[in-house]
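Going down the list, the sequences are from chains A and B.
Numbering-wise (the working numbering), the first sequence opens with residue 1 and increments by one.
Numbering-wise (the working numbering), the second sequence opens with residue 1 and increments by one.
Just so you know, these hints were derived from the structure itself, not from any lab.
Values in this document were obtained by computation on a predicted structure and should not be read as measured data.
C-beta atoms are modelled at their ideal positions from N, C-alpha and C, and glycine is treated no differently.
Mixed in with the good hints, there may be bad ones.
Facing chain B, from chain A, some residues (calculated, C-beta under 10 Å) [said to hold, decoys possible]: (1) L46; (2) F66; (3) P82.
No more than 35 Å apart at the CA atoms, straight line, and that leaves these computed lysine-lysine pairs for DSBU-like [what the hints assert, rightly or not]: (4) A:K58 - B:K14; (5) A:K15 - B:K9; (6) B:K14 - A:K42; (7) A:K58 - A:K42; (8) B:K9 - A:K42; (9) A:K111 - A:K58; (10) B:K14 - A:K99; (11) B:K14 - A:K5; (12) B:K14 - A:K107; (13) B:K9 - A:K107; (14) A:K58 - A:K5; (15) A:K58 - A:K99; (16) A:K15 - B:K14; (17) A:K15 - A:K107; (18) A:K111 - B:K14.
Over the 10 Å line for every Cβ pair with chain B, so calculated as not near, a few chain A residues [to be verified]: (19) Q2; (20) Q14; (21) G43; (22) A45; (23) H76; (24) V93; (25) G105; (26) V110.
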Amino acid sequence: QQQVKQSPQSLIVQKGGISIINCAYENTAFDYFPWYQQFPGKGPALLIAIRPDVSEKKEGRFTISFNKSAKQFSLHIMDSQPGDSATYFCAAVSDNFNKFYFGSGTKLNVKP
Amino acid sequence: NAGVTQTPKFQVLKTGQSMTLQCAQDMNHEYMSWYRQDPGMGLRLIHYSVGAGITDQGEVPNGYNVSRSTTEDFPLRLLSAAPSQTSVYFCASRQTGGREQYFGPGTRLTVT
Chain A
1 QQQVKQSPQS LIVQKGGISI INCAYENTAF DYFPWYQQFP GKGPALLIAI RPDVSEKKEG
61 RFTISFNKSA KQFSLHIMDS QPGDSATYFC AAVSDNFNKF YFGSGTKLNV KP
Chain B
1 NAGVTQTPKF QVLKTGQSMT LQCAQDMNHE YMSWYRQDPG MGLRLIHYSV GAGITDQGEV
61 PNGYNVSRST TEDFPLRLLS AAPSQTSVYF CASRQTGGRE QYFGPGTRLT VT
C-alpha cells in the first residue's frame, strides 16, 4: 500500500502555462514533504520542500501548497519551460528523517 | 567532490546469481540509503544506515542485504537474484541533521 498517492501520472503543458501536481498522504507522523525532479538517466534531485507548520513555500517559479487538515500538498510550476520537462516525485518523511516515502511520479512534458 | 557514486551502471544477471551493487560517497555523510525505482511505483526504500555499523530495514528489504563498515561505503547485496528484482537502484546519502538527500546516478539491473 503506497503511503503517498500522486497524480496525475503524466502531464502535458504549453510553454508559459502552469503545471500542477498533487499528492495525498494518510500518516500524520510525516513531518517533512520534499519534491524531487528527475531527468532521464539521472538520480532524483531535491527541488523544494515544506514543513507541515507552513501552508505555502515559494522558490522562484516553484511553489508548494500544503493543506494539513486535508493531508494534501501540491507543486505548482509557474511559467513552465521546456527545460522543466522531467519526472517529478513528491515524498513524505518520518522517523527523524530516516524514512522517505515517495509518490509514484508525474512525467511532465512542456511543449514549446 | 564526486558526490555519490554507484557501480556498475548496468548489470544483467541470471536467476539465482548473486552480486553486490556498490555505493560510495565522499561527503562524510552519516546517513546512506538504497532505493529501487519501478514504473508506477516511485522510489521505495530498501535499507538505510545512520552510521558505520548501524543498518535498518526500509519498505522492501526482502531479498537484499546490507552492511556498513565505513562511513564512505554502503554496498547492497543480492544473494539469489530473482526476476522481481529487475529495477533501477539508487543510493543516496544525507548529512546528519540535514534534510536533503543526494542521489547517485543509479544502477539498472535486469534479472533473466
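Right, here's what the structure says about each hint:
{"no.": "1", "hint": "L46", "in the structure": "holds (5 Å)"}
{"no.": "2", "hint": "F66", "in the structure": "violated (15 Å)"}
{"no.": "3", "hint": "P82", "in the structure": "violated (23 Å)"}
{"no.": "4", "hint": "A:K58 - B:K14", "in the structure": "violated (48 Å)"}
{"no.": "5", "hint": "A:K15 - B:K9", "in the structure": "holds (34 Å)"}
{"no.": "6", "hint": "B:K14 - A:K42", "in the structure": "holds (26 Å)"}
{"no.": "7", "hint": "A:K58 - A:K42", "in the structure": "holds (25 Å)"}
{"no.": "8", "hint": "B:K9 - A:K42", "in the structure": "holds (11 Å)"}
{"no.": "9", "hint": "A:K111 - A:K58", "in the structure": "holds (24 Å)"}
{"no.": "10", "hint": "B:K14 - A:K99", "in the structure": "holds (31 Å)"}
{"no.": "11", "hint": "B:K14 - A:K5", "in the structure": "holds (34 Å)"}
{"no.": "12", "hint": "B:K14 - A:K107", "in the structure": "holds (31 Å)"}
{"no.": "13", "hint": "B:K9 - A:K107", "in the structure": "holds (23 Å)"}
{"no.": "14", "hint": "A:K58 - A:K5", "in the structure": "holds (22 Å)"}
{"no.": "15", "hint": "A:K58 - A:K99", "in the structure": "holds (25 Å)"}
{"no.": "16", "hint": "A:K15 - B:K14", "in the structure": "violated (45 Å)"}
{"no.": "17", "hint": "A:K15 - A:K107", "in the structure": "holds (15 Å)"}
{"no.": "18", "hint": "A:K111 - B:K14", "in the structure": "violated (41 Å)"}
{"no.": "19", "hint": "Q2", "in the structure": "violated (8 Å)"}
{"no.": "20", "hint": "Q14", "in the structure": "holds (26 Å)"}
{"no.": "21", "hint": "G43", "in the structure": "violated (3 Å)"}
{"no.": "22", "hint": "A45", "in the structure": "violated (7 Å)"}
{"no.": "23", "hint": "H76", "in the structure": "holds (20 Å)"}
{"no.": "24", "hint": "V93", "in the structure": "violated (8 Å)"}
{"no.": "25", "hint": "G105", "in the structure": "violated (5 Å)"}
{"no.": "26", "hint": "V110", "in the structure": "holds (21 Å)"}
Of the numbered hints given earlier, the model fails hints 2, 3, 4, 16, 18, 19, 21, 22, 24 and 25; all others are met.
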